[in-house]
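Number 42 in this note's numbering belongs to position 42 of the sequence shown; there are no gaps in the numbering.
Bear in mind the hints are in silico, worked out from the structure with no lab data behind them. For glycine and all other residues, C-beta sits at the position ideal for the given N, C-alpha and C. There may be inaccurate statements among the hints.
[Said to hold, decoys possible] Derived CB-CB ranges, DEER-like:
id : residue 1 : residue 2 : range
1  : G95       : L35       : 22 to 30 Å
2  : T147      : A79       : 13 to 21 Å
3  : T41       : R2        : 20 to 28 Å
4  : P55       : S119      : 30 to 38 Å
5  : R143      : D30       : 24 to 32 Å
6  : Y131      : P153      : 33 to 41 Å
7  : D48       : A167      : 42 to 50 Å
8  : G56       : T147      : 34 to 42 Å
9  : A167      : S51       : 38 to 46 Å
10 : A158      : A37       : 22 to 30 Å
11 : E32       : Q100      : 17 to 25 Å
12 : A81       : S40       : 16 to 24 Å
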Amino acid sequence: MRILLVSGSTRSGSTNTAVLTTAAALAPPDVEVGLYAGLSTLPAFNPDDDSDPLPGPVAQLRGELDRCDAVLFSTPEYAGALPGSLKNLLDWTVGGPQMQGLPMGWVNVSSVAAPTGGSGAHTELATVLGYVGAAVVEAACVRAPMTRTAVTPEGTVADAEVRRQLATALAALRAHVLGSVGPGE
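Given only the sequences and the hints, what does the whole structure look like? Please build it.
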């Protein structure tokens with residue numbers, strides 16, 4: 001099975017990207033992971049362009065979604081909402097069938113010092129995922145507050161608790177995809 005990892009941050013040294021890079025390293029042996037790298041290359045969403053032939057980066061995004069069995073997001077919150085670049089990515093998914101029924105989870109790494117703790121971004125993410133018919137796997141949605149100082153020079157996270165939560169989120173997505181949904185999922 002394959003899980004696509006999507007960071008909502010375009011920042012160099014992002015904690016969101018670091019947490020997903022760490023998740024990739026923690027994936028069970030039977031789970032292939034891919035870190036989506038095209039966020040900043042997507043054109044601004046325009047419904048007039050949402051037809052064949054799709055813009056190249058959009059076709060690539062939809063192809064990656066077609067090839068995955070689940071998605072794990074990690075996104076910052078900007079001005080109380082999703083970053084525009086991630087909302088743009090989600091807007092490009094509305095016109096295709098890729099998100100319908102696709103299991104999704106997210107990791108919230110917003111610091112406890114953040115005004116809302118990232119809840120605005122994750123509420124908005126849940127709204128959009130519901131709109132496109134994604135299957136949000138609650139057990140794969142975790143809050144693991146951390147700061148940029150938690151990111152190692154290698155671009156990963158060494159904190160044992162954060163790593164445990166990432167492993168839990170991946171396991172929940174894996175179980176959901178394989179049909180062995182447990183209690184609370």
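Hints, verified against the model:
A beta carbon spacing of about 24 Å between G95 and L35 agrees with the range 22 to 30 Å that was offered as a hint. Between T147 and A79, the C-beta spacing of about 20 Å keeps the proposed range 13 to 21 Å intact. A hinted range of 20 to 28 Å holds for the C-beta pair T41 and R2, which are about 21 Å apart. Against the hinted window of 30 to 38 Å, the Cβ-Cβ separation of P55 and S119 comes to about 33 Å, which satisfies the hint.
The beta-carbon spacing between R143 and D30, approximately 27 Å, falls within the hinted interval of 24 to 32 Å. For the hinted restraint 33 to 41 Å between Y131 and P153, the CB-CB distance of approximately 39 Å keeps it satisfied. D48 and A167 have their C-beta atoms about 43 Å apart, which keeps the hinted 42 to 50 Å range intact. In this structure the hint that G56 and T147 lie 34 to 42 Å apart at CB holds, the actual value being about 36 Å.
Distance hint check: the CB atoms of A167 and S51 are about 41 Å apart, consistent with the given range 38 to 46 Å. For A158 and A37, the hinted distance range of 22 to 30 Å is satisfied, since their beta carbons lie about 23 Å from each other. Between E32 and Q100 the beta carbons are some 22 Å apart, a value that agrees with the proposed interval 17 to 25 Å. In this structure the supplied range 16 to 24 Å holds for A81 paired with S40, their Cβ-Cβ distance being about 18 Å.
In summary, this structure violates none of the numbered hints.
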